[in-house]
Amino acid sequence: MMTAASIQTYTLRVNGMHCKACVFLTESELAEHPKVVSAKASLRSRSVEVSGDFGDRPLDEIARDLSAFLSEHSLSATAQGKHVAWDEFGVAVPIAIGCAALFVLLQEIGVVNLVSGDTVTYGTAFLVGVIASLSTCMAIVGGLVLSISATFARSGDRTKPQALFHVGRVASFLVLGGVIGLLGSAFRLNSTGTFVLSLSVALFMLALGINLLDVFRWASPLQPSMPGFLSKRTLGAANLTHTFTPALVGGATFFLPCGFTQAMQLYAVSTGSPVTGALTMFSFALGTLPALAVLSFTSLAVRTRTKQGVFFKTVGLLVILFAVFNVVNSLAAIGVIEPVFNW
Amino acid sequence: MKSIATSVLLFVIAAALVSVVAVILLTRGGAKAGDTTPTNVSIVGGSQTIEISAKGGYSPQSTTAKAGTPTTLKIKTSGTFDCSSALSIPKLGYQTILSPSGETVVDVPPQKAGTVLTGLCSMGMYSFTIRFE
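As they're listed, the protein sequences go chains A and B. If you read the first sequence in the numbering used here, its first letter stands for residue 6, the second for the next number, and so on. If you read the second sequence in the numbering used here, its first letter stands for residue 5, the second for the next number, and so on.
No lab work stands behind these hints, which were simulated from the structure alone. Nothing here was measured: the structure is a model prediction, and the numbers come from that model. Hints may contain errors.
[As the list claims (entries may be wrong)] Calculated cross-link-like contacts (lysine to any residue; reagent style SDA-like; alpha-carbon spacing at most 20 Å):
#: 1; chain 1: B; residue 1: LYS80; chain 2: B; residue 2: LYS116
#: 2; chain 1: A; residue 1: LYS40; chain 2: A; residue 2: GLY21
#: 3; chain 1: A; residue 1: LYS312; chain 2: B; residue 2: LEU14
#: 4; chain 1: A; residue 1: LYS312; chain 2: B; residue 2: LEU13
#: 5; chain 1: A; residue 1: LYS165; chain 2: A; residue 2: LEU181
#: 6; chain 1: B; residue 1: LYS95; chain 2: A; residue 2: LYS312
#: 7; chain 1: B; residue 1: LYS95; chain 2: A; residue 2: ASP65
#: 8; chain 1: B; residue 1: LYS95; chain 2: A; residue 2: VAL201
#: 9; chain 1: B; residue 1: LYS95; chain 2: A; residue 2: GLU343
#: 10; chain 1: B; residue 1: LYS95; chain 2: A; residue 2: LYS40
#: 11; chain 1: B; residue 1: LYS95; chain 2: B; residue 2: ARG135
#: 12; chain 1: A; residue 1: LYS312; chain 2: B; residue 2: THR10
#: 13; chain 1: B; residue 1: LYS80; chain 2: A; residue 2: THR124
#: 14; chain 1: A; residue 1: LYS312; chain 2: B; residue 2: SER11
#: 15; chain 1: B; residue 1: LYS70; chain 2: B; residue 2: THR10
#: 16; chain 1: B; residue 1: LYS70; chain 2: B; residue 2: VAL120
#: 17; chain 1: A; residue 1: LYS312; chain 2: B; residue 2: PHE15
#: 18; chain 1: B; residue 1: LYS116; chain 2: B; residue 2: TYR98
#: 19; chain 1: B; residue 1: LYS70; chain 2: B; residue 2: SER105
#: 20; chain 1: B; residue 1: LYS116; chain 2: B; residue 2: THR68
#: 21; chain 1: B; residue 1: LYS80; chain 2: A; residue 2: LEU271
#: 22; chain 1: B; residue 1: LYS70; chain 2: B; residue 2: LYS116
#: 23; chain 1: B; residue 1: LYS95; chain 2: A; residue 2: ILE12
#: 24; chain 1: B; residue 1: LYS80; chain 2: B; residue 2: VAL45
#: 25; chain 1: B; residue 1: LYS95; chain 2: A; residue 2: LEU194
Here chain B stands alone, though its shape is the one from the complex (with noise of 0.2 Å):
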């Protein structure tokens, strides 16, 4: 009997605690998908640019670009030391470890429309992505 009521008890705690998350991870989610950030993307003579900055994750999350224009990604840093400095984007198979703080520019040749370019930090918890249209 005792341990049954521990037990209720227990799942009653771990629910409310699971909950709480939920509520958070969905009202966030809200936020970042509102964040219309057109102002990331710049297109100068021909050659368009992304920015994304990179510290404790990476922001904008979601970008959205021009497709078949030679591009350029600008990634900022400042004081960053946690897994977005270790950068990957697999479908350019480009790797690297951004410097703390600073830029690093990529190159991305221009992009078919529909494409969908996902950059992750190596332990694959943070990433943003940029659709090409």
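This is chain A alone, in the form it adopts within the complex (with noise of 0.2 Å):
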């Protein structure tokens, strides 16, 4: 005898939703499945409403029938409940506060004066590099490279977003290194449009390590995304914003308020020359690159659903760390307080 159709809805969690286009990508997607009368997602709950004739299937079995027409999530059965892993702090915690106890020895041994001689060459120009990211450049663009590339692997997405970060910084440097060693003169903002620039940035930091730490679901939807508007036209606008974003964002960082990044822009504008201008700078990048490298792929070595836990605590804390470190010194540096860090 066949059953009435009955439409039931279901509440399920999906894993891996962190902006506005996997709304739309979890809805459309989970539309095809024959079953599927109407999908609602909702990025502030990371859930999805599914309304279907599933018959009495358990729920663990209808995530996972549903999971197979999701390219990007997944979805899980667990409660609704706010499950904060506080005991994930307990390793969390320590190892953040040790690592930036490391990060303030690599200062204070004066890792900075390794650079001496007047000549800039190619190769000093790549050394200037490999000591910049070991330097206090880590606390903002570091700070930025981590936070970025944890949030994408948090969602599953663990090399692609980093790589084209990397790919936008490096291009860009090679690029406009070339345009200010032909123009003759740098991008140079003014103190308050470098306190801007930097206290955004900043706050950008915070915002992501705050979400990292998975303790307040609200931070969720403040993570800058493609407008929805953009992202409902063109389905593919949800790679769009894995891959230009991530790019951009790398390419932007040529513009952030690094001392070593403006002295050696300083020197590209001085040879006047598009290709030295260009070089430099291209070394430069790429003498920043391990370092930032191994910043934005270490969420490759966590490989088991427990360290993970601990790992994104342990990154966010860090985080936030760096964002308050940038906070303070981009007051100081427009003079509202009294410099704090001097070493």
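Two chains, two frames, some hints: make the complex.
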């Protein structure tokens, strides 16, 4: 006997949902399932309400069945309650403190003083890049790389967006290095502009860091993403956000107020040559690549689910520490407060 | 049980690292405070010159100078590519990127007694102060 179609609504948790584009993607992909009547996803609660006739099948099975239709996410039948793994902080907090202490130690040793000599060769530029990536610049650029990479990694994207960030960064240094060499002047923001920029980046990092802790669900919608109306039109936008944004952000790091970058830019400008300028900034960017790459691909080393929880909390804490550090330094640089960190 | 033991161990290691850093910071701070370098300020014929070197930070970190005197700040760099080259002195509205090697001159109008000028790098982590008395 055929049972009358009985539509039921199930609430399932969506794993890997981190932006508005994911909401549309999830809804449209689920709608293609023959048994699904409607699907309404929510970024705020990272869940989807699916209505359809699945008979008496257990929630787990339904979740698995529907997940097959999702290209970038998966569904699980875990309870909706706010499950914060506080015990993971027990490991994450000391590791984060330890890393911060190592960072300070590294600066105290004066790794910065390893560069000397007056002439700038491409080799010098590369070396300056290496040192820059180990210096306090790590708090700005490295912190940004870390926060973005970990956020993507948490939704399962562990290599492509990160790699694109680096490609975007190195490419932009090459091109813009040539531009400033040609123009004979660098894009110099005044102190107000620098303050606004560095403060914005620091606050952005703070939001990402808090989000990584997975304690406050409300922070998730705060992440910048493609505007809703853009994503709805072209579903390829989910890919666009993951491809375009990291490359763009990587390229934009050229403008971050890292003293080393600025010193190199001054040199590039002084050469008056687009080729020398381009290659100098390119060498510098390559020098910064190893340290930044390590930061962005650390997530690859963490395989097991239990370790992942600790990993992202540690990264979240570190990112927050870096963000606070940058906020304090931005305020000091503009003269609002007295310099706090001095080494 | 195991997770508590792990946490405790990690906290101990972290505390040890923090202590090491704290010790280094405190002892280094002592050395710099005892650094009475009177020789970076010179007054010749009513005009004051203050010399500061910039490389991996600024030195000396604190200077005392005479108030009410036209002053010239001379900043020396030698192979400086780090943040110290991105110097700004907010009170003077002064901002520049120092050339890697050489001397940069900054004109400072006579300052009132009690004024403290702070110069810092663009990221705010290296700084120097000049106290006018």
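Here is what the structure says about each hint:
1. B/LYS80 x B/LYS116: With a Cα-Cα distance of about 25 Å, the restraint between B/LYS80 and B/LYS116 is violated, given a limit of 20 Å.
2. A/LYS40 x A/GLY21: Outside the cut-off at roughly 23 Å; violated.
3. A/LYS312 x B/LEU14: At roughly 15 Å apart (the allowed maximum being 20 Å), B/LEU14 and A/LYS312 satisfy the hint.
4. A/LYS312 x B/LEU13: holds (17 Å)
5. A/LYS165 x A/LEU181: Distance ~24 Å between A/LYS165 and A/LEU181 Cα, so the pair is violated.
6. B/LYS95 x A/LYS312: At roughly 49 Å apart (the allowed maximum being 20 Å), A/LYS312 and B/LYS95 break the hint.
7. B/LYS95 x A/ASP65: violated (65 Å)
8. B/LYS95 x A/VAL201: Holds - the C-alpha atoms of A/VAL201 and B/LYS95 are around 18 Å apart, at most 20 Å.
9. B/LYS95 x A/GLU343: Given that 20 Å is the threshold and the Cα spacing comes to 12 Å, the pair holds.
10. B/LYS95 x A/LYS40: violated (69 Å)
11. B/LYS95 x B/ARG135: holds (13 Å)
12. A/LYS312 x B/THR10: Judged against 20 Å, a Cα distance of about 13 Å means the pair holds.
13. B/LYS80 x A/THR124: holds (16 Å)
14. A/LYS312 x B/SER11: Holds, because 14 Å separates the two Cα atoms, which is no more than 20 Å.
15. B/LYS70 x B/THR10: violated (58 Å)
16. B/LYS70 x B/VAL120: Since the Cα atoms of B/LYS70 and B/VAL120 sit roughly 11 Å apart, the hinted pair holds (cutoff 20 Å).
17. A/LYS312 x B/PHE15: holds (18 Å)
18. B/LYS116 x B/TYR98: holds (18 Å)
19. B/LYS70 x B/SER105: Given pair B/LYS70, B/SER105 is violated - Cα atoms ~28 Å apart, limit 20 Å.
20. B/LYS116 x B/THR68: It holds: about 13 Å lies between the C-alpha atoms, which stays within 20 Å.
21. B/LYS80 x A/LEU271: holds (17 Å)
22. B/LYS70 x B/LYS116: holds (9 Å)
23. B/LYS95 x A/ILE12: violated (70 Å)
24. B/LYS80 x B/VAL45: Roughly 14 Å separates the two Cα atoms, so the pair holds.
25. B/LYS95 x A/LEU194: Holds, because 18 Å separates the two Cα atoms, which is no more than 20 Å.
Taken one by one, the earlier hints fail for this structure at numbers 1, 2, 5, 6, 7, 10, 15, 19 and 23, listed in ascending order.
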